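Colleague: Protein chains in written order, with our numbering: chain A, 2 to 136; chain B, 2 to 136; chain C, 2 to 136; chain D, 2 to 136.
What the hints contain is simulated information worked out from the structure, not anything from laboratory work. These numbers were taken from a predicted model, which means no experiment stands behind them. Careful: at least some of the hints might be erroneous.
Which copy is meant is left open, so a pair is good if it fits within one copy or across any two.
[Claimed, not checked] As a list, the in silico BS3-like pairs of lysine-lysine whose alpha-carbon atoms are at most 30 Å apart:
hint, residue 1, residue 2
1, 9, 127
2, 13, 114
3, 79, 9
4, 126, 82
5, 126, 44
6, 82, 127
7, 13, 82
4 protein chains.
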Amino acid sequence: MTFEFHQKVLFKHCDPAGIVFFPRYFEMINDCVETYFDQVLCKPFEEIHPVGAVPTAQIQTRFSAPSRHGDHLIFRMKITKIGRSSAEYSVVASCAQEERLTSVATLVHVDSKGGPTAWPADIRKKLEAFRDDAL
Amino acid sequence: MTFEFHQKVLFKHCDPAGIVFFPRYFEMINDCVETYFDQVLCKPFEEIHPVGAVPTAQIQTRFSAPSRHGDHLIFRMKITKIGRSSAEYSVVASCAQEERLTSVATLVHVDSKGGPTAWPADIRKKLEAFRDDAL
Amino acid sequence: MTFEFHQKVLFKHCDPAGIVFFPRYFEMINDCVETYFDQVLCKPFEEIHPVGAVPTAQIQTRFSAPSRHGDHLIFRMKITKIGRSSAEYSVVASCAQEERLTSVATLVHVDSKGGPTAWPADIRKKLEAFRDDAL
Amino acid sequence: MTFEFHQKVLFKHCDPAGIVFFPRYFEMINDCVETYFDQVLCKPFEEIHPVGAVPTAQIQTRFSAPSRHGDHLIFRMKITKIGRSSAEYSVVASCAQEERLTSVATLVHVDSKGGPTAWPADIRKKLEAFRDDAL
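Same shape as in the complex, but just chain A (with noise of 0.2 Å):
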């Protein structure tokens, strides 16, 4: 399955070259991570903490084009590996049929300390659906 994102090239996002800054790009990857825990995981970020949280260990992107102001991005995101304590995503971003960026991340759940914790088992349950529906 994949799950799809969608988010408007607002002008707080783009920069003096009239494009998206790529540091916003992340925080829109970030918003799109979030608001997926939120409705396929059915565990919002507001819960996981402070008991725990999901940083991110790596992340590479490439931006294959520029956005700009008013474009309407479609983020497609996939869950492409689960670990004891990480999952790695996919995520595409495009606009109309042109690819604009796509990125490959790590996730890590760590408990109140910040120490890797296994994935809660509802959450693991979830995330091994959703990723198998993609295979």
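Following the hints, position chains B, C and D against chain A.
Modeller: Chains B, C and D only, in chain A's frame:
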């Protein structure tokens, strides 16, 4: 040669978990690169715009340990490759002796229409001198 | 008439104290105004730029209670005054029945050189209709 | 006494109109206040949290002229009133001799539950000394 950029972790950088929100790291990296262009290449971004721009084409980042409010970070940046219209840099941020993140990114020099265009001779010469010092 | 803009408090909005970092409220207010121009005035910001712009000339804000991660905020915006090239709006954000902030601001319509310039007739007409409904 | 905080206008601060996006000014003001607490009051924000916090209760700002990428801004801050658990400050930002914004805001010292609580004696003493120098 290695360019050093200092950044204290401020209130604005931190999330409810009390650590740096990862998109904020990309703002810090952008500030580091902007300061490098200003102080080392003597070509501040405000002079490059609006004749051109130096958008980020790709960036890979690994977050090795969290940074907390008040930490004094040092970003150490090197130029690792220079193409006709592109440059690759690596940057490692650490606090005391602990590494916090390491990132490798590619910048592209574009003209006012967004198309890749060769580095001006003076910038290229300085990029090369800076890179060779790093070897 | 009152324009309503909904915004869930997301992870990116919150500070180490677990509440909305106040500069983020101004991004939300800007998003609210941008959406109002798009949906009510049918004049999205991306069409106003680069012919002109609508910078904020002044803004007064009182934060009556903190907002926490996960809160569902409703911003209720009204046009309160219309000048030749300016407009004043008020916006109140609340969660459930609790007020979180109230703000009054003045926008100025400027041309591409930044000088104040009269509202285009179509925008002015809609601003007035919207304001009159609020009386 | 007046506290001075220097901030060059960076790429990240600017919008498609090439001027500072106004919510970014509030980040700069917050950075100014945070640096004042650190350098003048010797009570950095990272020591106040998580025992307490100093949220902004209200802020009024007038933007007198736009700031452009590369401008060197100086924020001049004064403490104008001190209450049991609150403090009012004014800040004026200018570039060369041109005023860019003037802001007046009220901070409240709160405990870990968010309730107003008297300034610790050492902070209060320094706030008063700083204010009296300004008279």
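Colleague: Does each hint hold? Answer for all of them.
Modeller: Do the hints match the structure? See the list:
1. 9 <-> 127: both (28 Å within a copy, 24 Å between copies)
2. 13 <-> 114: Classified as between; 20 Å across copies, 34 Å inside a copy.
3. 79 <-> 9: Both, since 21 Å and 23 Å are each at most 30 Å.
4. 126 <-> 82: within (13 Å within a copy, 44 Å between copies)
5. 126 <-> 44: Result: close within a single copy only, 12 Å intra versus 46 Å inter.
6. 82 <-> 127: within (13 Å within a copy, 43 Å between copies)
7. 13 <-> 82: between (33 Å within a copy, 25 Å between copies)
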